[in-house]
Amino acid sequence: MLRMNALAPALAGLVLAVAAAPAAAQQAAKDVKVDYDALVAELKGSFSEKGIAKLDRIDQSEMQKACSKADAGGELPTDVASRITKEAMASIKQPADGNYLGDWKAGEKVAQNGRGLQFSDTAKTVNGGNCYACHQMTKAEISFGNIGPSLYQYGKLRGDTKEIVEYTWNKIYNSHAYMPCSNMPRFGSAGILTEQQLKDVMALLLDPKSPVNDDSVKP
Amino acid sequence: MKEMRMAAACMVFAALLSGQPAAAAESDTAQGIAQYREMLSDGNPAELIEMTGEDLWKEKRGPKNASLEQCDLGQGPGTVKGAYAHMPRYFKDADKVMDLETRLVYCMVNLQGFTAEEVTKKPFSGAGQYSTDMESLVAYVVAQSRGMTIAVPQGHAKEREAYARGHEIFYYRGGPYDFSCASCHSRDNQRIRLQDLPNLTKAEPARAAFSTWPAYRVSQGAVRSMQWRLNDCFRQQRMPELKYGSQASIDLTVYLGVNANGGAMSAPALKR
Numbered sequence: 010m011l012r013m014n015a016l017a018p019a020l021a022g023l024v025l026a027v028a029a030a031p032a033a034a035q036q037a038a039k040d041v042k043v044d045y046d047a048l049v050a051e052l053k054g055s056f057s058e059k060g061i062a063k064l065d066r067i068d069q070s071e072m073q074k075a076c077s078k079a080d081a082g083g084e085l086p087t088d089v090a091s092r093i094t095k096e097a098m099a100s101i102k103q104p105a106d107g108n109y110l111g112d113w114k115a116g117e118k119v120a121q122n123g124r125g126l127q128f129s130d131t132a133k134t135v136n137g138g139n140c141y142a143c144h145q146m147t148k149a150e151i152s153f154g155n156i157g158p159s160l161y162q163y164g165k166l167r168g169d170t171k172e173i174v175e176y177t178w179n180k181i182y183n184s185h186a187y188m189p190c191s192n193m194p195r196f197g198s199a200g201i202l203t204e205q206q207l208k209d210v211m212a213l214l215l216d217p218k219s220p221v222n223d224d225s226v227k228p
Numbered sequence: 007m008k009e010m011r012m013a014a015a016c017m018v019f020a021a022l023l024s025g026q027p028a029a030a031a032e033s034d035t036a037q038g039i040a041q042y043r044e045m046l047s048d049g050n051p052a053e054l055i056e057m058t059g060e061d062l063w064k065e066k067r068g069p070k071n072a073s074l075e076q077c078d079l080g081q082g083p084g085t086v087k088g089a090y091a092h093m094p095r096y097f098k099d100a101d102k103v104m105d106l107e108t109r110l111v112y113c114m115v116n117l118q119g120f121t122a123e124e125v126t127k128k129p130f131s132g133a134g135q136y137s138t139d140m141e142s143l144v145a146y147v148v149a150q151s152r153g154m155t156i157a158v159p160q161g162h163a164k165e166r167e168a169y170a171r172g173h174e175i176f177y178y179r180g181g182p183y184d185f186s187c188a189s190c191h192s193r194d195n196q197r198i199r200l201q202d203l204p205n206l207t208k209a210e211p212a213r214a215a216f217s218t219w220p221a222y223r224v225s226q227g228a229v230r231s232m233q234w235r236l237n238d239c240f241r242q243q244r245m246p247e248l249k250y251g252s253q254a255s256i257d258l259t260v261y262l263g264v265n266a267n268g269g270a271m272s273a274p275a276l277k278r
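First to last, the sequence lines map onto chains A and B. Throughout the first sequence, residue numbering follows my numbering, covering 10 to 228 in sequence. Throughout the second sequence, residue numbering follows my numbering, covering 7 to 278 in sequence.
A portion of the hints provided could be inaccurate.
Chain B side only, calculated, beta carbon under 8 Å to chain A, not exhaustive [said to hold, decoys possible]: (1) LYS64; (2) LEU117; (3) ARG179.
Derived pair list, reagent style SDA-like, types lysine to any residue, alpha-carbon separation capped at 25 Å [said to hold, decoys possible]: (4) B:LYS277 with A:ASN155; (5) A:LYS53 with B:LYS208; (6) B:LYS208 with A:ASP80; (7) B:LYS70 with B:GLY82; (8) A:LYS180 with A:ASN122; (9) A:LYS53 with B:GLN242.
The following label-pair restraints were derived from C-beta to C-beta distances [claimed, not checked]: (10) A:GLY157 with B:GLN135: 57 to 67 Å; (11) A:VAL41 with B:LYS128: 51 to 61 Å; (12) A:ALA149 with B:GLY84: 56 to 66 Å; (13) A:LEU85 with B:TYR136: 16 to 26 Å; (14) B:ALA163 with A:ILE173: 50 to 60 Å.
Since the hints were made in silico from the structure, they are not lab data. Every residue gets a Cβ at the ideal spot worked out from N, C-alpha and C, and that includes glycine.
Kindly generate the complete structure, drawing on both the sequences and the hints.
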């Protein structure tokens, strides 16, 4: 007992030291230089191709590389940021027939579906948009995430002017056009959703008769 | 009795998930899960698997007809108690930083004479199957660190290098969705659907996460190891398949473990 009492202050000090460990280790990590090419080689050796998920998914685009660095607390130089937004904007294709809005019911299915492009999926899997994973959309769907902003009453609050319609299309197609290093996948540019699926999600957001904008409509 | 409690817990779940205003449903769901865990806390199915693992640990097996009782998990040959709370760590004999699972493979190869290929051929059990030998061994070893303080070491240069690489991998965006671990795990109070996402860059949530893996996943009826956890995260990131025991998996586990240092181990825990 006496020994324990004598040890108590030392133990308390140890607990404090351990509690501060993440910050200290994060600082230590900054002092250890990680060679980028060696890291990519390590990753390629650490993953194996499976089904549709090939090893080239490890190769980073300039955007992915710059955004990884920025996310980790590094700088995003302004010239890189503006190149990311410019290239993102240039990658966007407006709908071929000039018609932006599809069917909100089909859009709701896309918003609910989280499948696609995983190594457990196949080339025939219909990709989902998985919007609810990150966004609130209809009032009826209570299982929604919060990584992205709420889109409840999206069209009702913003209207459906040409500017809003085009902005929404572009944002879904390639979110980096407006926000470099956005967390949101590039649903159009990366080939995740088809043009028709994008139109259907647009309708879910903007059609006044969609359950996003009208609580009395059942999704 | 256990079945009855589980049925009751499922009813609680069902009641909670039937249409209610979002905010209320979220907090009620979290409460439901907490209640469910409490009901099962004196009967975590992982305990059976821990016992299977203990038998396997002590059983003479493999071409060398040896048990794993002389396996050095970092605290000296044969010491299992508290070992997991200090892993991954640098092992001089292998000149490598190893997590528990790669270390078990090392011991099964060197002590028992198995080949690495045969012991890593199917590390994770499929739906409805009993735990694999590896899962059982993991459950046994991890359970011997319950209540211990997480102290993943950073004394050796290779341990610091592993942490630094783990940090880079945590933020590495790739694949068609441009996701990294950080996309979901670097901010407070975030959710995918109703699933809470721990901010693994901060001590408190990193401890809560690290201290409860490996875990018995009720929805899958299986003990899932840290290697499985990382493998399945990368699947959802749309990356190729993470190789079992790969360098990237060890580096990431070092990163997560060191961030969680100071927490108290309570694994194998019970998860949804």
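Tested hints:
1. Among the interface hints, the one on LYS64 (chain B) is violated; its C-beta lies about 33 Å from the nearest C-beta in chain A, farther than the 8 Å criterion.
2. Of the supplied interface hints, the one on LEU117 (chain B) is violated, with its beta-carbon coming no nearer than about 26 Å to a beta-carbon of chain A, more than 8 Å.
3. For ARG179 (chain B), the interface hint holds, since its Cβ comes within 8 Å of a Cβ in chain A; the closest pair sits about 4 Å apart.
4. Taken as a hint, the LYS277 (chain B) and ASN155 (chain A) pair is honoured in the structure, with Cα atoms around 21 Å apart against an allowance of 25 Å.
5. Taken as a hint, the LYS53 (chain A) and LYS208 (chain B) pair is broken in the structure, with Cα atoms around 28 Å apart against an allowance of 25 Å.
6. Simply put, LYS208 (chain B) and ASP80 (chain A) have alpha-carbon atoms about 15 Å apart, close enough for the 25 Å limit, and the pair holds.
7. Distance check on the hinted pair: LYS70 (chain B) and GLY82 (chain B) sit about 21 Å apart at the alpha-carbon level, within 25 Å; holds.
8. As the CA atoms of LYS180 (chain A) and ASN122 (chain A) are separated by approximately 19 Å, the hinted pair is consistent with the 25 Å bound.
9. In summary, the hint linking LYS53 (chain A) to GLN242 (chain B) is supported, as the alpha carbons are separated by about 18 Å, within the 25 Å threshold.
10. Checked against the hint of 57 to 67 Å, the pair GLY157 (chain A) and GLN135 (chain B) fails, with Cβ atoms roughly 37 Å apart.
11. One distance hint, 51 to 61 Å for the beta-carbon pair VAL41 (chain A) and LYS128 (chain B), is violated here, with the actual separation near 35 Å.
12. Look at ALA149 (chain A) against GLY84 (chain B): about 58 Å separates their beta carbons, and that is inside 56 to 66 Å.
13. A hinted range of 16 to 26 Å is violated for the C-beta pair LEU85 (chain A) and TYR136 (chain B), which are about 49 Å apart.
14. Checked against the given bound of 50 to 60 Å, the beta carbons of ALA163 (chain B) and ILE173 (chain A), roughly 56 Å apart, stay inside it.
When each numbered hint is compared with the structure, violations occur for hints 1, 2, 5, 10, 11 and 13.
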